[in-house]
Amino acid sequence: MTEKQPVISIRNVTKRFGNMVAVDNVSIDILEGEFFVLLGPSGCGKTTLLRMIAGFEMPSEGQILIGGQDMAGVSPNQRPVNMVFQSYAVFPHMSVADNVAYGLKISGVAKPEIRTRVDEALELVSLGGLGLRMPDQLSGGQRQRVALARGLVMRPKVLLLDEPLSALDAKLRAQMQFELAELQDNVGITFVTVTHDQDEALSMACRIAVMNKGDVAQLAGPSDLYEHPANRFVADFIGSVNIFEGKLTVDEPEQAVVDCPEVGRVFLNHGVTGAHETTVWVAIRPEKITMVPAGKIKPKAKDSPDGHNIAHGQIKGLSYLGDVTVYEVRLDSGRSIRVSRPNLSRWDQEDFSWDDKVSLHWHPTSPIVLLS
Amino acid sequence: MSLFKRAEIAPLEYTRRLWMRAWIAATLFFLYAPLLVLIAFSFNDSKRNIVWRGFTFKYYGKVLENDGLMAALGNSLTIAFLATLFSIILGTLAAVMLWRFRFPGKTAVEGTMALPIVVPEICMGVAMLVFFAKLDWPTDLPWPLNLSAITIAHITFCFPFVAMVVRARLAGFNKEQEEAAKDLGATEWQAFRDVLLPHMKPGIIAGALLAFTLSLDDFVITFFTSGPNTITFPVKVYSMVRFSVTPEVNAASAILIFLTILLTTVALKLQDFTKATA
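These protein sequence lines are chains A and B, in that order. For the numbering used here, add 958 to where a residue sits in the first sequence, where the first one is 1. For the numbering used here, add 978 to where a residue sits in the second sequence, where the first one is 1.
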């Protein structure tokens, strides 16, 4: 594999609207041919960042390079990127084919070439044969494909997508997640997508930049974000998690112990490299906790010293989701903890019920220690 | 419980309440009866307008032969056409400006623009009269330049209507569409032409229709700004009525009604067409 070059370099970009800092000194390199996702809650600056790449907003400070070229002062119609808007922004008074052909017409491409390229693009998004339809005769999903084709037909260096799936219903969204990823793979164009939906980000992205309050909280691949979050914000934003505050009492190369008042002593089979007695946070994913009925046998967490990685409580709530059941367990310390349990057989959900006394334990590799 | 019991009458279910039916009948009667009588008596074979004496097209012939009236009609149509043209340009530009930009004194501009709509016509008429007199506006220019004063006066009260209608239409515009056009390589002007203008089209057509009919049948303002050589249709009809309401006046008015209906139909068809493709 050849070494991938950054197709977009965002260098120390800050954007202020009046007193409000929307994007705060962000630096990201987006590589050639990757599916890059900007993920974050609303108001985190992800859309502003995307609009700055497209040229609709100008950075207050810093530089944006596309294909090695500084984009300062380059207007949106001169940039080698195209955008799929959140509302799709399909031109309602033009047929599907005219919509897709618009950019080519504007840039003066010859008529026969426009025809073949439009047909190609429509075929690519599975809208072949619908070229003469008007947008109001299309479903929401089809309109989105028109918007996609309209951008792809320009053969941009980068295709920018602003919340591309937010307006679709859940089933269609799941289908489009796969289709988008496959499409990106086929055309080889770099995709930069903005979303607030973590499932969408995890399923489609090569790399994800999680943004929070104008800042990049972590930039990593999907599984790294989930299994190795860098801080409490990312751990909490991606997936579901239980976070406990504690003090680092043992920190050796092969093992560490965090003393958490709410859940007891948490044992890890690796070092943490933090100062003794510093405040840290332990994050445990609900599916990585094992739940057993209390009292029957004295439970002991595997590979952990006695009295570590174990907690007792009572089930105070449960929600059956079909594939898993999520339990809300009130620990003896008063703190609630979330545990999920896969329903591997058709009767598994009947094992536990409200007010059952249970014991929880987890493997020493499961807890994640967060320093911030 | 009866199987045949009818559902309760909903409020405003006008077909099932007697007084509502009567109300509607009265409304339609007072709206359309005068017009129908006027049109009917334009075919009356009598010099007086009171008794029916048989059917004739005679008075339509007379209208067409009446040079003064035809000249007035020509003036009116010319003025209406020019006033509409300038009104849609000015009105559309004003609407886009007020919709897109924020600038100091915007509220004041918006307020003063609506002024011609609310100021009594008589005031506008007198103001125009004084204005053109003070300017020493030439009145002896050759046709159609001699209509300039009236046309200008008409533009001033027509274009705010266009601006209002177009502005209302713009409120529903998705700005992302304009951005999408630019993103695909369009310049400001191309984006305006290809995206914003098509969106405004139904508003512009409706505004043009308003402007045209307002200009065509305006009497008060025209009366104050017209000279002896620049009589318009409504002013001419008024002067004819002062002597007597002959079937000729009826015929002339009927022609105007037909003209208006025709134009309205065409405009609505045009609008339907743009709506079907919008």
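It is worth saying that the hints were derived from the structure and are not from the lab. Positions of the beta carbon are idealized from the N, C-alpha and C atoms, including for glycine. One or more hints might be untrue.
Pair by pair, the computed Cβ-Cβ distance ranges are [said to hold, decoys possible]:
#1 A/G1026 x B/N1152: 30 to 40 Å
#2 A/S1000 x B/T1238: 28 to 38 Å
#3 A/V1067 x B/A988: 53 to 63 Å
#4 A/D1194 x B/I1095: 26 to 36 Å
#5 B/I1095 x A/S985: 50 to 60 Å
#6 A/D1028 x B/R1080: 50 to 60 Å
If you want the footprint, here are the derived chain A segments under chain B, 3+ residues with CB under 8 Å [stated by the list, open to error]:
#7 1027-1035
#8 1272-1278
Quiz prompt | Hints violated by the structure (listed by number, smallest first) | solution = As far as the earlier hints go, 2, 4, 6 and 8 are violated by this structure, in ascending order.
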